[in-house]
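Novice: So the sequences go chain by chain: A and B. All residue numbers for the first sequence refer to numbering that gives the first Met the number 0, where the first residue is 0 and numbers rise by one. All residue numbers for the second sequence refer to numbering that gives the first Met the number 0, where the first residue is 0 and numbers rise by one.
Treat the hints with care, since some could be wrong.
Copies of the same chain look alike in the list, so a pair counts if it fits in one copy or across any two.
What the hints assert, rightly or not - DSBU-like, lysine-lysine: derived pairs with alpha carbons at most 30 Å apart:
hint, residue 1, residue 2
1, K190, K38
2, K172, K141
3, K113, K166
It is worth saying that the hints were derived from the structure and are not from the lab.
Number of protein chains: 2
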Amino acid sequence: MSSRIVTISRQYGSGGRDVGRLVAEQLGVPCYDKELVFKIAEKSGFDVSFIQENGEYAFSRSSLLFDLSVHGGMPAGSLSVYDQLYIAQHNIITELAEKESFVIVGRCADYILKDRTDCLHTFIHASVPFRARRIVEEYGEKTDNPEKVLRDRDSRRQAYYRHYTGKVWGAMKNYHICLDSSRLGVERCAKFIAEMAQI
Amino acid sequence: MSSRIVTISRQYGSGGRDVGRLVAEQLGVPCYDKELVFKIAEKSGFDVSFIQENGEYAFSRSSLLFDLSVHGGMPAGSLSVYDQLYIAQHNIITELAEKESFVIVGRCADYILKDRTDCLHTFIHASVPFRARRIVEEYGEKTDNPEKVLRDRDSRRQAYYRHYTGKVWGAMKNYHICLDSSRLGVERCAKFIAEMAQI
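Looking at chain A on its own, in the form it has when it is part of the complex (with noise of 0.2 Å):
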């Protein structure tokens, strides 16, 4: 395919990881979303829960918290765990880049191969009622407020977004397309994507 490699950033419940799988399988290449967090673990030596909970979410929404938290009381020229784990993902990212094509969903990925010309960076989002029905009837998240849990684990990405990057999560401009799931079907946007990704 002419876009070697597709990344998809998301919002929570937009269904982003579904659109990778199915936009995998039909350029028969790997999707890397949780395998990816194996590969990060077997190289890095970090723990995998470690990663999943702190490969691209902040532990607080607001993004000044984080980055005060991060490094406040380090040594100087010394990294966090935190920045150990994100240069971790960086270079397996990089790495694999280098040698195979792939689709990866969040982790950064679009600004970590955004110097690449053989990527298509996309980005999945959806309505609020769309994705708090999907994270109770789909991923089985317990709660009584679908919206609260929507908005933390945004902000949070956000946050972390920020904090590694410099940049806003989200802005179209990063983007080579941007597509509403809540409005156009999780299927529908993996073949556009899928298409556009052998152009």
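Using the hints, position chain B against chain A.
Specialist: Same frame as chain A, but now just chain B:
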């Protein structure tokens, strides 16, 4: 078609107008762009040149300056000519939406028609080099600094949009489909939008 109306918002030079024309051709419906200016002129009594200059551009790049200039010195309760023009455009667009299917380019139509469920809202953006080349070679802009022309036009569209809608122009969440025409090509953007409008 399921989406009776397609709104196309666009960065200056991105080819959004061409996308609109092609989508309308594929759907067999009118494309309201310059044609709308004549309709507005006919109904409102404003000059065509006044509508073209002020129908979607603030005369300042600063939203605040535009706000102050439009309303500064106006007696309480009275409307500036800019407000009158916005209201005329608003009324014509909502009246058309009641009567017929169409594609419409710009003019805050995404916001004006946001509560209808039969609209597909789209945004076309593109890289600066692609747009700079297009405005000189295809739109015939006479300038030594096309990048400055792009910044100026988009800032004035942004200020206008913020003034009349209270929203951020080009925020992904307001659109079902956002496409980078410099990566995907104008024809492919149009083809996908037309397909999605028919579903």
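Novice: Against each hint, give a clear statement of whether it holds in the structure.
Specialist: Quick rundown of the hints versus the structure:
1. Taking the closest pair of Cα atoms, K190 and K38 come within 30 Å of each other only inside a single copy of the chain (28 Å); across copies the shortest separation is 39 Å, beyond that limit.
2. In this assembly of identical chains, K172 and K141 lie within 30 Å of each other by CA distance solely across copies; the values are 26 Å between and 35 Å within a copy.
3. Within a single copy, K113 and K166 get their C-alpha atoms as close as 12 Å, and across copies as close as 28 Å, so both meet the 30 Å cut-off.
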